[in-house]
Amino acid sequence: MAPKSDLLQGTLDLLILRTLSNEAMHGWGISLRIQELSKDVLQVNQGSLYPALHRLEQQGLISAEWGSSENNRQAKFYQLTRDGRKQLAEETKNWERLSTAVARVLAGL
Amino acid sequence: MFRNLSVRLTSLFRRERLERELDTELRYHIDMLVQQNIAKGMAPDAARREAHRVFGTVDGIKDDVRDRWLSRFFEVAAQDIRYGLRSLRRNPGFALVVIVTMALGIGANTAIFSVVNGVLLRPLPYKDGDKLVVLHHGQGDPVVNDLFFSPKEMDDYRQARSLSGVVEFHNMFFNLLGREEPERLSTGVVSANYFDVLGVQALHGRTFVAADDAAGAPAVLVLSYKYWRRSFDADPSVVGRVFRMNDKPHTVVGVMPPVPQYPLEVDVYMPSSACPFRSAPTLIANRRGRMLTAFARVRPEVASLSKAQADIDLVAAQIQASYKDFYPATGFKAAAVPLKDDLTRGFTSTLWILLGTAGFVLLIVCASIANLLLARMVRREREISVRAALGATRARLMRQLLTESLILAVAGGVLGLAISALSLQLLVAFAERFTARAHEISIDMTVLMFTLGVSVLTGLVFGSIPAFARRVDVAPALREGTRGTQSSQRVRSALIVAQVSASFMLLIAAGLTLKSLMTVQGVNPGFKTENLLTFRADMSFDKFPLTLSGPERVAKMGGYWTEFEQRLRAIPGVIDVGGGGTFPLNELGPFATGLVREGRPLPPGTQAPRVSLRVATPDYFKTLGQPLVAGRAFTPSDSFEAPTVVIVNQTAAKQFWPNEDPIGTRLTGGPTGFRTVVGVVADVRQQLDREPAAELYVAMQQFNLLGTTWVVHSRLPADEATRAFKNVARAHDQDLPVSSFRTLAEVRSDGLAPRRVIVTLIGLFGLLALVITAAGIAGVIAFSVNQRTQEFGVRMALGAPRSGVLALVIREGLVLVTIGLAIGTGGALVLTKLLGAVIFDPTPAAGIVLLVGTQAIDTITYVGVAFVLIVVALFACFMPARRAASVDPMVALRAQ
Chain A
445 MAPKSDLLQG
455 TLDLLILRTL
465 SNEAMHGWGI
475 SLRIQELSKD
485 VLQVNQGSLY
495 PALHRLEQQG
505 LISAEWGSSE
515 NNRQAKFYQL
525 TRDGRKQLAE
535 ETKNWERLST
545 AVARVLAGL
Chain B
11 MFRNLSVRLT
21 SLFRRERLER
31 ELDTELRYHI
41 DMLVQQNIAK
51 GMAPDAARRE
61 AHRVFGTVDG
71 IKDDVRDRWL
81 SRFFEVAAQD
91 IRYGLRSLRR
101 NPGFALVVIV
111 TMALGIGANT
121 AIFSVVNGVL
131 LRPLPYKDGD
141 KLVVLHHGQG
151 DPVVNDLFFS
161 PKEMDDYRQA
171 RSLSGVVEFH
181 NMFFNLLGRE
191 EPERLSTGVV
201 SANYFDVLGV
211 QALHGRTFVA
221 ADDAAGAPAV
231 LVLSYKYWRR
241 SFDADPSVVG
251 RVFRMNDKPH
261 TVVGVMPPVP
271 QYPLEVDVYM
281 PSSACPFRSA
291 PTLIANRRGR
301 MLTAFARVRP
311 EVASLSKAQA
321 DIDLVAAQIQ
331 ASYKDFYPAT
341 GFKAAAVPLK
351 DDLTRGFTST
361 LWILLGTAGF
371 VLLIVCASIA
381 NLLLARMVRR
391 EREISVRAAL
401 GATRARLMRQ
411 LLTESLILAV
421 AGGVLGLAIS
431 ALSLQLLVAF
441 AERFTARAHE
451 ISIDMTVLMF
461 TLGVSVLTGL
471 VFGSIPAFAR
481 RVDVAPALRE
491 GTRGTQSSQR
501 VRSALIVAQV
511 SASFMLLIAA
521 GLTLKSLMTV
531 QGVNPGFKTE
541 NLLTFRADMS
551 FDKFPLTLSG
561 PERVAKMGGY
571 WTEFEQRLRA
581 IPGVIDVGGG
591 GTFPLNELGP
601 FATGLVREGR
611 PLPPGTQAPR
621 VSLRVATPDY
631 FKTLGQPLVA
641 GRAFTPSDSF
651 EAPTVVIVNQ
661 TAAKQFWPNE
671 DPIGTRLTGG
681 PTGFRTVVGV
691 VADVRQQLDR
701 EPAAELYVAM
711 QQFNLLGTTW
721 VVHSRLPADE
731 ATRAFKNVAR
741 AHDQDLPVSS
751 FRTLAEVRSD
761 GLAPRRVIVT
771 LIGLFGLLAL
781 VITAAGIAGV
791 IAFSVNQRTQ
801 EFGVRMALGA
811 PRSGVLALVI
821 REGLVLVTIG
831 LAIGTGGALV
841 LTKLLGAVIF
851 DPTPAAGIVL
861 LVGTQAIDTI
871 TYVGVAFVLI
881 VVALFACFMP
891 ARRAASVDPM
901 VALRAQ
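Residue numbers (our numbering), protein chains in the order written: chain A, 445 to 553; chain B, 11 to 906.
Some clues are possibly wrong.
[As the list claims (entries may be wrong)] When the alpha-carbon atoms are kept at most 30 Å apart in a straight line, the in silico DSSO-like pairs for lysine-lysine are as follows: (1) B:K317 with B:K334; (2) B:K72 with A:K483; (3) B:K50 with A:K483; (4) A:K530 with B:K72; (5) A:K483 with A:K537; (6) B:K137 with B:K334; (7) B:K664 with B:K538; (8) B:K632 with B:K664.
[Stated by the list, open to error] If you anchor each label on the Cβ, the simulated ranges turn out as follows: (9) B:S474 with A:T544: 47 to 57 Å; (10) A:T544 with B:L400: 16 to 26 Å; (11) B:A88 with A:S465: 27 to 37 Å; (12) A:W539 with B:D74: 16 to 26 Å; (13) B:L80 with A:S465: 21 to 31 Å; (14) B:G51 with A:E509: 44 to 54 Å; (15) B:A428 with A:E509: 42 to 52 Å; (16) A:Q518 with B:R309: 57 to 67 Å.
[Said to hold, decoys possible] One side of the interface only, derived from the structure: several residues of chain A facing chain B at Cβ under 7 Å: (17) A468; (18) G471; (19) W472; (20) Q487; (21) G491; (22) Y494; (23) R499; (24) N516; (25) K520; (26) A547.
Hints are computed from structural coordinates only; laboratory data are not their basis. Even glycine gets a Cβ: it sits at the ideal position worked out from N, Cα and C.
With the hints as constraints, model all of the structure from the sequences given.
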């Protein structure tokens, strides 16, 4: 029943899930981490980040709770659920398959 | 999983908190961006600007996030509905029972609400109908003690500044002549600008203009839509035709559109100048010539009614101060009542009582369906447990169950709407007896929204009871053989108790009103109603020229009616003939007069006590069988020339001649100044549900009466007699219309019809409640028997007799019923006490007094209703109990 995801959305979902796979993070932290890990190649647009987070939360892939941040402010921390972890494994596999396929096509030309 | 579900539920119910959290979350992000920028060396201001630029519009992001919340919600809802439909299709019998039960409850409520809506809630279908008011004035409560208005007083109230267009209305009966048969028409006599003030335009021709109302203007008529359809086959060429009416020709100038007529339905309208009574100079000059109802429109710029009220208070105070002799010295007040409220006075409390009663039925329906759902839940234990084990959270399951309930509720609501739509015509006929607004009753958008709202609410209530009552414990439920938990059994029992107590209260209401109806029906009115035929005969106003002096006219009219009476008496088969202005049990009211005894002048500043004034021919009392207690009845020699005489009833005798013989004493009034009391008649009930009041009777020959009623005792069959009366009337006077032929027994029955309808409705609701409750009890006991099959098997295997098992099951049911009855008794006592003020409202204006001659705490009714409930409950328990008792122990044990 998951909504049809275009590549971009699917990619962002995957990145978020991956970022959360080790620890719970708030939205700000997620955007920093993606930027950092991608060596500034991927700039996360906040305009898509928060809708994506809320959608993932609704789908039950991540859950959220309020906690205090590094600077002692109230922040919403997201973490992977069991379903989210499964989804991450699946999506990662899909992504690898897809990128290999794309790479093959490109190489074949 | 649980967490995300709660998000979805909160997104429905706790939107506000969600919004606040989103705001905090986004603000945090922006603040962090700002800090980062400052760390990079930007100035605080620039840092914030830059952060906002990078972040984008906060509102846009919020909108996107909100979209996620919503779409997800609908997605899950669609899923739930599909699943719910599938699950209901697997169990059509259950679905059918629930939907039908629901439909009955919703149908009852929708039907009554459509009346409430059409009659009480909807704005008047006139231009700015909420600005229309009815004026009243009188002593104390001006609405109850309304004096009505004289033409002079109409002019006075026109001075009220916040009112525009103060117009008059009064109802007369006139004969329309010049067609094949003379017709007696109910006529609305109105101001020329009456239709303009109400905002009504003619369908054909025109309404009245100021020139029509000038003294001596040619008389004109506007026909009502209904009369035009009925009597002229909707022929537009009737405009311009001339008919004879009263003492002059009347030209039809217009036809009204099909709008509701206020304050009552009439056949034709005429301007006040055309009405021979209203246009008489003596009446216009007489400040006491009060015969008019006053309507007014509050000026559009006057926002509140209290301003208009203050203005007419001022007028009332002024006229009271200027004309001291014409008004009570103290407590004289005026009131401006919204036309909307005025038209439904007397019906409002009845309607709310009926709506409350229907609401009770719905509560019982709720409890009953909740019980069925609970039982079904237990049967679905496995399915639910499996789903829970597969990861469905409690909230998710609850939501699924609620969705199923809502599907059932909406289906029941639609069916209920159909039921109420079918009963609409009956309801209009019912409401017609109470208010001129009856024809505005329809199933409109408001009613549809009401039905939808109530259906959904009902579904949520009966759906959430089982959803919350059950703990979804995976492990024990999955284990084989575990059946319904203790907690759900308790809820089921509580629901049965609630149903029984609510049904009991409803049945008590039905019982008390039914008992009142029987009391009223059984009332001995004090006269005979068998073999009496009644009808009206109305002399044309110009039968005897107005140029004659008053006394001459009275003499001629007396002679006219005496001759008519003799003709009636001459019909073979006729035994007795009694004539008068009206007769008992008839909707036509008596005249009223102040009673002042000779030599006992009133203290200054007080008004003479008002009593009924009735007119009678010499044989009137004999025909009705109303006994003469003292003195004599009227005789043919009580003619116009003879001394004026009067007969009083026992109540008047007791009230005005305590410890005194009234015979021979005199009252002031009458053409010669005094009326001598010649007789005392027994009290009779003029209305079956009202105690007799003080009455005076005057002789028909000594009173100028245009409209008469006749009561004839004959051996003829009704239709034959009617034909004979019509022939006699025609022979007597070509222009004498006779109408309203009914036997007195029919009149008696007609008068009780509104009460009968109300009692029937409440009774139907009570019956509905009883049936639903009985089905509920049977269902719950059957279910419990089902659950305990093994237990019964063991009991019987160990030697318990079948009768023992039977008694065990029935006892279980009866315990619940008894608790329900106890609670219901308390509830009924409180309810009748609370409603007492409404039900026992003694003012005639309040319409029907539902409880007459009945105590609210009526032991017989309480015991009777309790007995009926217990018998029905016993029956409901018996069938499942017998099944329990017929369990074969071996089979039951093997099933284990």
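Do the hints match the structure? See the list:
1. B:K317 with B:K334: The hint holds at about 26 Å.
2. B:K72 with A:K483: The hint holds at about 29 Å.
3. B:K50 with A:K483: Given that 30 Å is the threshold and the Cα spacing comes to 18 Å, the pair holds.
4. A:K530 with B:K72: Judged against 30 Å, a Cα distance of about 29 Å means the pair holds.
5. A:K483 with A:K537: 23 Å, holds
6. B:K137 with B:K334: 39 Å, violated
7. B:K664 with B:K538: With Cα atoms ~24 Å apart, K664 (chain B) and K538 (chain B) stay inside 30 Å; holds.
8. B:K632 with B:K664: Measuring from Cα to Cα gives roughly 23 Å; hence the hint holds.
9. B:S474 with A:T544: 47 to 57 Å: Check passed, 52 Å falls within 47 to 57 Å.
10. A:T544 with B:L400: 16 to 26 Å: 34 Å, violated
11. B:A88 with A:S465: 27 to 37 Å: At 32 Å between Cβs, range holds.
12. A:W539 with B:D74: 16 to 26 Å: With a Cβ separation near 24 Å, W539 (chain A) and D74 (chain B) satisfy 16 to 26 Å, so the hint holds.
13. B:L80 with A:S465: 21 to 31 Å: The hint (21 to 31 Å, Cβ to Cβ) holds, given that L80 (chain B) and S465 (chain A) are roughly 29 Å apart.
14. B:G51 with A:E509: 44 to 54 Å: 35 Å, violated
15. B:A428 with A:E509: 42 to 52 Å: This hint holds: roughly 50 Å between Cβ atoms.
16. A:Q518 with B:R309: 57 to 67 Å: Holds - the Cβ-Cβ distance for Q518 (chain A) and R309 (chain B), about 58 Å, lies within 57 to 67 Å.
17. A468: Interface hint status for A468 (chain A): violated (13 Å vs cutoff 7 Å).
18. G471: 5 Å, holds
19. W472: 4 Å, holds
20. Q487: Status violated, d = 9 Å.
21. G491: 5 Å, holds
22. Y494: With a closest approach of 5 Å, the Y494 (chain A) hint holds.
23. R499: 4 Å, holds
24. N516: 12 Å, violated
25. K520: 5 Å, holds
26. A547: 33 Å, violated
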